[in-house]
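Go ahead and model the full structure; you've got the sequences and the hints to work with.
There are 2 protein chains.
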Amino acid sequence: MSIDYQQLIEENIQKSLSDYQGAIYDPVKYIMSIGGKRIRPGLLLATAKAYGIDENEVMIPAIGVEIFHNFSLVHDDIMDAAALRRSEETVHTKWNINQAILSGDVMFGMAYEHITRVEDRHLRSMINIFNKTTTEVCVGQQLDLDFENLSFVDFDKYIEMIKLKTSVLIGACTYMGAILADAPQGEEKLMYEYGVNMGLAFQIQDDYLDLYGSDIIGKTIGGDIINNKKTILYILAYQKASSETRLVLEGYFSERDTDPKKKIQKVKDIFNKLNINGDMIKLQEKYFDLAVEAIHKTSISISDKEMFIDYAEMQLKREY
Amino acid sequence: MSIDYQQLIEENIQKSLSDYQGAIYDPVKYIMSIGGKRIRPGLLLATAKAYGIDENEVMIPAIGVEIFHNFSLVHDDIMDAAALRRSEETVHTKWNINQAILSGDVMFGMAYEHITRVEDRHLRSMINIFNKTTTEVCVGQQLDLDFENLSFVDFDKYIEMIKLKTSVLIGACTYMGAILADAPQGEEKLMYEYGVNMGLAFQIQDDYLDLYGSDIIGKTIGGDIINNKKTILYILAYQKASSETRLVLEGYFSERDTDPKKKIQKVKDIFNKLNINGDMIKLQEKYFDLAVEAIHKTSISISDKEMFIDYAEMQLKREY
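The listed protein sequences derive, respectively, from chains E and U. One point on numbering: in this note's numbering, the residue at position 76 of the first sequence is 76, and numbering is uninterrupted. One point on numbering: in this note's numbering, the residue at position 222 of the second sequence is 222, and numbering is uninterrupted.
Please note that a few of the clues may not be correct.
One copy or any two copies: either way a pair holds, since identical chains are not told apart in the list.
Stated by the list, open to error - Only pairs whose alpha carbons sit at most 20 Å apart, straight line, appear in this in silico DMTMM-like list of lysine to aspartate or glutamate:
1. K94 / D146
2. K29 / E136
3. K132 / D26
4. K29 / D146
Read the hints as simulated data drawn from the structure, not as lab findings.
Rendered as structure tokens:
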């Protein structure tokens, strides 16, 4: 058994979006069609399934989370002035900023529409977790924007940022799956712990792949360094570096004059010398262990436990 | 008795917003503090009151609607590139576009948080009307953006646009007030009819005041004409005008070279000559009558019926 509902999710996204007609939905259909691993709805379905509920019964709210995730991509891409996403034009590039703001806004409402298409007895729990999560995702994005203007970002603050910006939505998915499947009381919180910690390990891998990954999905390798983005690699390196090396790092991360290739290589050399990879793997392992610990406390079957653990491990070993 | 909860609403907005701390909420507190007539929450409170529920019991969801309304102002002001609102800087002017997008986004979630702080038995109805309304408001804004690129806007399309962009949210308030006060079944729909039709008359008055109103709240008189905005005045005039006058109107509404004062006067002369004011008043009366008709069908007291009718009339007679 594995968490692999991608095809089923794609079909249902298509079906669900075909109900929405009008110019405002064209960018919605576009961003929802240019790929993505569908990790979030997949985890919601898998959690419900592990508690005995057929994936098709929780498909609509699962798609709601994916719509919300894509809403955040559309608006974040404006804020980051990103021209491309997954090798395709971003919404504000293909249309314009106004259209990207507005189509993003309508996606927020669409997400709620989907999330709330559940039985009445689940409605309150679904609303509570989703209200909390949408706010946290915005606050996480705020921290990310704030960090751009700081020369130094504290390690704990950085972890808080990626937790809010990315991990809580993954946690919300496993939480919702448990709620919708009437998991034994309290297990929704364990599944949330799994999701959040898995999400942290996942996001750290994202930072890693920006520099050490392959470029097959059209990402610019080292883009974060070119853009002076202080990712976990930078923060771990800064913590560990001598005061001399810190100055060099600060220098590179506050200018845009150096030839990009040279800059990436120089920074990479520092990271390698400090063995940041090793630290990063230790950090991932910490969150991975917390995720595994939470899973072991649940009452799901041993094979399902293995499935969730394998899935988390797979995310850490992914190359793109 | 009258619908006048402004002071009470202001106090409760302050109280409610003080729970939110962090940089992302500064623009939220700012936009929520620079005034506004609080028509929407006021109508929600008044409706609940007419059905026997104390205004304080429905205050939180009422504030939720006001937060959503202000969210839409923040994002619309970006799209309209508006520098001022109520004589004060708009959020994207005072901060920047990214901050205005993000603080707007968090308001969307805050609105849902407030709207859903109701008893469980009311939750489904509240969610349904709010999901429907948030989507409609976005679609209304889309139509408004689309109209900018059209040389001619159909009368019915224009009414649909202002209905979606403005009136349905007012209707949602009176609907929610009825729901939360457990009004007799079906009366929430009558109150919705009242709100939507009152909102249409209200919005037409807004178009009128842009040209014929006073400038005491810092609005530029004739701003819609300067910006080539096809309001109800233009649409009624275009319908009625000779083909010759139509060309003149089209000319003015497709250029930005004429001296603004002269342009406003020339267009105003055309409107006056065609007696557009008279047509506009007839149109307002149509929606006012529909609002009154709906109120009369409800079971609220005669004095409350009078209150709602007086309130609608007051909106039509307002000078700013």
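Which numbered hints turn out to be false for this structure? Structure breaks no hint.
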